[in-house]
Amino acid sequence: VTRPAIRQFLACVALAALGCSPAATEGVLTGAVTLDGAPVNSGQIRFVPVDGQSPTAGAVITAGRYETKLAPAEYSVEISSPKEGPTRSMYDASPEPTPSDAGAETIPARYNAKTELKLKVEAGDAERNFELTSK
Amino acid sequence: MLLSEIIFPDADADYDIRGDMMNDDNACTMYMTFETPNSSVPDASPFTPPRGKPPAPFDPNDPPYITSDWGQKAARSRHPGGVNVAFGDGSVRGVQDGIALAVWRAMGTINGEETVQE
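The listed protein sequences derive, respectively, from chains A and B. Numbers 20 to 154, taken from my numbering, label the letters of the first sequence in order. Numbers 4 to 121, taken from my numbering, label the letters of the second sequence in order.
Here chain A stands alone, though its shape is the one from the complex:
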């Protein structure tokens, strides 16, 4: 048994004693999201553990960037960017707004509903950019 392994084991014991969840091993993952080279201005990125043994994680995409915390695992990645529209008020007494396509998905389904994106997250912080293409 190597010394780092012992240290890691002791750290785990200490964390378990404090009642910490596995979240203690989370690292920060950050990066840019582009579609055909242009930044994806809004929307969300979502990481779903392939084996179902850890929690989901994600973030709002702002100005083409995201930042989230992730436990090491293999994830299926979903990127969504619903079309932005006018603010809809819940209790607005004015007539129904004209139907628009606001809220409609602007990213191809192979990046969200039928995603093919996979990412293996190792322990520690990392940067990962997603360069999507519409073709």
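Wrong hints could be hidden among the right ones.
Said to hold, decoys possible - With beta-carbon atoms standing in for the labels, derived distance ranges:
{"hint": "1", "chain 1": "B", "residue 1": "Asp28", "chain 2": "A", "residue 2": "Glu150", "range": "30 to 40 Å"}
{"hint": "2", "chain 1": "A", "residue 1": "Asn148", "chain 2": "B", "residue 2": "Glu117", "range": "35 to 45 Å"}
{"hint": "3", "chain 1": "A", "residue 1": "Arg84", "chain 2": "B", "residue 2": "Pro83", "range": "21 to 31 Å"}
{"hint": "4", "chain 1": "A", "residue 1": "Pro58", "chain 2": "B", "residue 2": "Gly93", "range": "46 to 56 Å"}
{"hint": "5", "chain 1": "B", "residue 1": "His82", "chain 2": "A", "residue 2": "Glu146", "range": "25 to 35 Å"}
Unchecked claim - Beyond 12 Å from chain B on every Cβ pair, some chain A residues (computed):
{"hint": "6", "residue": "Ala51"}
{"hint": "7", "residue": "Ser61"}
{"hint": "8", "residue": "Glu124"}
{"hint": "9", "residue": "Pro127"}
{"hint": "10", "residue": "Gly143"}
{"hint": "11", "residue": "Glu150"}
Note that these hints are calculated values from the structure, not bench results. Please read these numbers as outputs of a predicted model, since none were measured by experiment. Just so it is clear, CB atoms sit at the ideal spot from N, CA and C, and this is done for glycine as well.
Starting from the known structure of chain A, fit chain B onto it as the hints suggest.
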């Protein structure tokens, strides 16, 4: 599992329907087991502002959201670590944020026969 804590956001306005009581829209007091408790995945609703305040850092009192044509809300709480949920047998238990997604989703069904770690 029948009930869970959910968040009524601090910065609530009439367009943020999360946690609304006097509102019969179908996503108000509801939560889903699609995301794990207190997930960093944003909630989604057609009735949230299209462009809100900056989403970072993550604020559990005002969880992130996006505007979309679908609805999704996670079980959330204002205390760190997990959510308290109520079960059909009358018990109330704490569930940790780090719960395995597969177990959490099984808890949303009536006969998953899952083993729940508290």
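Structure-based check of each hint:
1. B:Asp28 <-> A:Glu150: 30 to 40 Å: For glutamate 150 of chain A against aspartate 28 of chain B, whose Cβ atoms are near 38 Å apart, the range 30 to 40 Å holds.
2. A:Asn148 <-> B:Glu117: 35 to 45 Å: 37 Å, holds
3. A:Arg84 <-> B:Pro83: 21 to 31 Å: 26 Å, holds
4. A:Pro58 <-> B:Gly93: 46 to 56 Å: Holds, at about 51 Å.
5. B:His82 <-> A:Glu146: 25 to 35 Å: 32 Å, holds
6. Ala51: 15 Å, holds
7. Ser61: 7 Å, violated
8. Glu124: The assertion about glutamate 124 of chain A is violated, with a minimum of 8 Å to chain B.
9. Pro127: Fine: 16 Å to the nearest Cβ keeps proline 127 of chain A off the interface.
10. Gly143: 18 Å, holds
11. Glu150: 21 Å, holds
Checked against the numbered hints listed earlier, the structure breaks hints 7 and 8; every other hint is satisfied.
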